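Asker: As a plain string of letters, each chain reads:
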Amino acid sequence: MFLRNSWYLAAWGHELGDGLLARTLLNEPVVLYRGEDGRPAALEDRCCHRSMPLSMGRRTGNNLQCGYHGLVFDPAGQCIQIPGQTTVPPGSRIRSYPVVERWKAVWIWMGEPAKADPALVPDWWWMDHPAWRPVIGPVLPIAGHYELVNDNLLDLSHTSYIHGDTIGNLAQLEFPIRTERFETGVCMTRWTIDRPAPPLYQDIGKFRGNVDRWQIVTSTVPCFSDVHIGMVDTGLGQEEGVRRGGLEFHNVNAATPETERSCFQFYAHARHFAQASAEVDEIYARDFQRVFRQDVVAIGAQQKNMDVFRNAPQIDINVDAPGLALRRLIATALAAEARGETPLLRRA
Amino acid sequence: MFLRNSWYLAAWGHELGDGLLARTLLNEPVVLYRGEDGRPAALEDRCCHRSMPLSMGRRTGNNLQCGYHGLVFDPAGQCIQIPGQTTVPPGSRIRSYPVVERWKAVWIWMGEPAKADPALVPDWWWMDHPAWRPVIGPVLPIAGHYELVNDNLLDLSHTSYIHGDTIGNLAQLEFPIRTERFETGVCMTRWTIDRPAPPLYQDIGKFRGNVDRWQIVTSTVPCFSDVHIGMVDTGLGQEEGVRRGGLEFHNVNAATPETERSCFQFYAHARHFAQASAEVDEIYARDFQRVFRQDVVAIGAQQKNMDVFRNAPQIDINVDAPGLALRRLIATALAAEARGETPLLRRA
Amino acid sequence: MFLRNSWYLAAWGHELGDGLLARTLLNEPVVLYRGEDGRPAALEDRCCHRSMPLSMGRRTGNNLQCGYHGLVFDPAGQCIQIPGQTTVPPGSRIRSYPVVERWKAVWIWMGEPAKADPALVPDWWWMDHPAWRPVIGPVLPIAGHYELVNDNLLDLSHTSYIHGDTIGNLAQLEFPIRTERFETGVCMTRWTIDRPAPPLYQDIGKFRGNVDRWQIVTSTVPCFSDVHIGMVDTGLGQEEGVRRGGLEFHNVNAATPETERSCFQFYAHARHFAQASAEVDEIYARDFQRVFRQDVVAIGAQQKNMDVFRNAPQIDINVDAPGLALRRLIATALAAEARGETPLLRRA
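In the order they appear, the protein sequences are chains A, B and C. Numbered according to the numbering used here, the first sequence spans residues 786 to 1133. Numbered according to the numbering used here, the second sequence spans residues 786 to 1133. Numbered according to the numbering used here, the third sequence spans residues 786 to 1133.
Chain A on its own, in the form it takes in the complex (with noise of 0.2 Å):
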């Protein structure tokens, strides 16, 4: 069960070249395109004459031609040509998704198309501005449910222990995590004072001693996170606000569903250092993806497990609070969607 009116992220904009690319989002198969006018389109992935999916067909001008028996359909969904016949018969039209393209990526909305307001896509202005430098990673494929994406973003605990040799050290579990919570989501902050900073970013960052660091992760319903991470060489004041040197960067994650058992896990880092350097470009592409991986593996084996387990009870330890927060924000907004009411999703 999915959230319908809400905006997920169904591709990254430099998916859409000249080719149709089908992804099975929310259970249904969609075909996405980007038209001759460079604008993208997303339809139903079935001709509504014999099934076939469109996205085996060819894109010609703004609209999809099916591959099998040539109908031809416009970015509305309807059949604007039967080879073959000059009419065509009522009907002759599948469902066509308001898509919208920001910050790089394709977003689609699959709930009522009224609704479909582009102001509720998630705010990632970082990604298109030029302060900043945005590397987009590949396109995850996770075993798993998207809320289990989002517990993992929103617990930062476990880089400590999946990723302790490259984001993550022990450091953090001495701090506590402070949980914010606002109408769409959750916010979670956790500052490591005078401490080292994890592998990885000691090789970026060259610090000469201990760092002060901060993990910030906003996370919206349904499946939207910021992961705020910045630190600096420590004494320099930064929690109360001041920066200088060191590193920071937004990474945004979507977790948009595939089925209940698996999603995609679209994500980018867009950073505020080292703006012009192609080594820590490449750091970002290499070693993030790395980490990155670690997690796929990581959830698909904690979904097989829960699928097995069905029924087994689980504990919750502190650092659950945020993701657990998010969860009830969720599961309240799915319940006013099944009684006809489209939640906010918009953050306060």
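If you're looking for bench data, these hints aren't it; they were derived computationally from the structure. None of the values given here were measured: they were computed from a predicted structure. Careful: at least some of the hints might be erroneous.
Pairs involving identical chains hold if they fit within one copy or between any two copies, as the list cannot separate such chains.
No farther apart than 20 Å at their CA atoms in a straight line, the calculated lysine to aspartate or glutamate pairs in the EDC-like style are these [what the hints assert, rightly or not]:
| hint | residue 1 | residue 2 |
| --- | --- | --- |
| 1 | LYS991 | GLU800 |
| 2 | LYS1089 | GLU813 |
| 3 | LYS991 | ASP1018 |
| 4 | LYS1089 | GLU1043 |
With chain A held as given, fit chains B and C onto it using these hints.
Answerer: Here is chains B and C on its own, set in the frame of chain A:
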């Protein structure tokens, strides 16, 4: 649900050599083999002792010996020997299926054995006639219901799209099809007059200019299609019955159900031109195989999409008329069989 | 449905080194490991926090640490540490299984822990006795119910067919089997007198002529089979209890259920001849492995066919008597356990 009282093509004759051939037909695992006497036989692929597939055993004379404990079965399915004991318990038998070898193929009857009349085998006389040159293609595993293959063959308008670079072009779409119904099947005819030959035929026929082309597809319940194709230089009066030069062949097809979601497409081409040309043999073996494999991919995708979009409505278009007519005949025959009747499957 | 109050072979001792071994036993994912103190331990393979498999974590001393958030479990299944907090919530425990290491194997008890009496482990004393030379085979993944392995081992007539080129020949089929039943198992005996040795034994034993051969299989509920094989030059009076020369070994087997459709076959050979021969070691390691892998293929095919032909009748033959007797004992034990009793599984 499959029609039981019908012949089905189980294997090409050349597939039955010294070995045993395991093939699931109409949801039933069958072992096919050729006895020492050269006669084909078909048994349930299950030893009546501990259920080992007999196809994992070996042929001994005209019989089959189970590879696990050595029980021997004759072509009628009777166990005639049990190692280490002198008696064979009552009930030591498995199902045997009537088979007949004709037109280079082995046909199996999986309904009531008494009704297995060899005269009901489809008449593919071109396959054995000295004036026609047959080339048999590989057995194609189709990940779709066998009626999707019927549809595919009865609606050659698909060749304009899937096979537009080989055996199809857009010219045919300007001409109407004619549908004839008879008691056990349907015939689709299309004449494409004074138009370019499709690319592959252009290569084979070396036509100087436009051609008159005929496509005559005769499909009978449940799964047999004779695709009769020909073309000659335009203006020679072919439609009135005169063929001078050009090319002509029958492409025979049997789509034998494996399961409700899969079938085997057996196909061959028997041609009435360039009978002695090894080069043309090679074109039929290689280029037409590529064409048919494009359909394998398409039908598999179609079936998968139909399963996902389970109850999505479909529209019909003009060229569907023959396929829909055959589907109605199949449904009628199935209903008759469910009532205990044996529908007449001989061509009128 | 499996008998719970029994030992099962969970792993060979050599499989537990520094790493963690994940293995599903009786439908339950288990993690096996050897503590720093050298003692084996078996836990439910699931962290009680967020269900991550503990087998993806690491050993720390005698304990296991989850790889996701660092929770630590002791060998009794109690969570004893949660990073970042000082208390452990009540209920923070997972299942621990009694294990005992004996005969080079680790045995697990998945029923009521209080009933886990080490004296009930099958007596495979040859595996540790200096006069016998053991060679342990690889763990065989069987795609079939574990009772099919019991059947396979209790009916060695199959060696005449599946293994006719190695450890079997047709000679045995001329001789009857004897079946003895005891409280917790069954014993099958066959003496093949004055006949050629099967090919592989001929190689090993370099017999001058015919041999007297014994096959004595003792199988106990639920899944343990001792296959005692020997042969000597014919006429030496072996059947009366005298062995001079020739060869003799015990092939011990445990078929541990993984699921209702799969099991692990653990097997080893302990021989009482050529104990110091590396060449004979190699024959047991290599050639017998080939033999056993033939059964893996056969049993997998048998199970698959049984699933397809779900309710097809089966006949029994003479050599099935021991296997059927063991099946009845297992059924009786299962029924007793379902009534809340603990059937006696010690050999009388």
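Asker: So, for every hint listed, does it hold in this structure?
Answerer: Checked hints:
1. For the identical chains of this complex, LYS991 and GLU800 are neighbours neither inside a copy (35 Å) nor across copies (43 Å), given an alpha-carbon limit of 20 Å.
2. When the C-alpha separation of LYS1089 and GLU813 is checked against a cutoff of 20 Å, the pair qualifies only between copies, where the shortest distance is 13 Å, while the shortest distance within a copy is 22 Å.
3. Taking identical chains as interchangeable, the C-alpha atoms of LYS991 and ASP1018 lie at most 20 Å apart only when both belong to the same chain, with a minimum of 10 Å there against 79 Å between chains.
4. In the homo-oligomer, the alpha carbons of LYS1089 and GLU1043 lie at most 20 Å apart both inside one protomer (16 Å) and across protomers (16 Å), since each shortest distance falls under that limit.
Hint compliance for this structure: hint 1 alone is broken.
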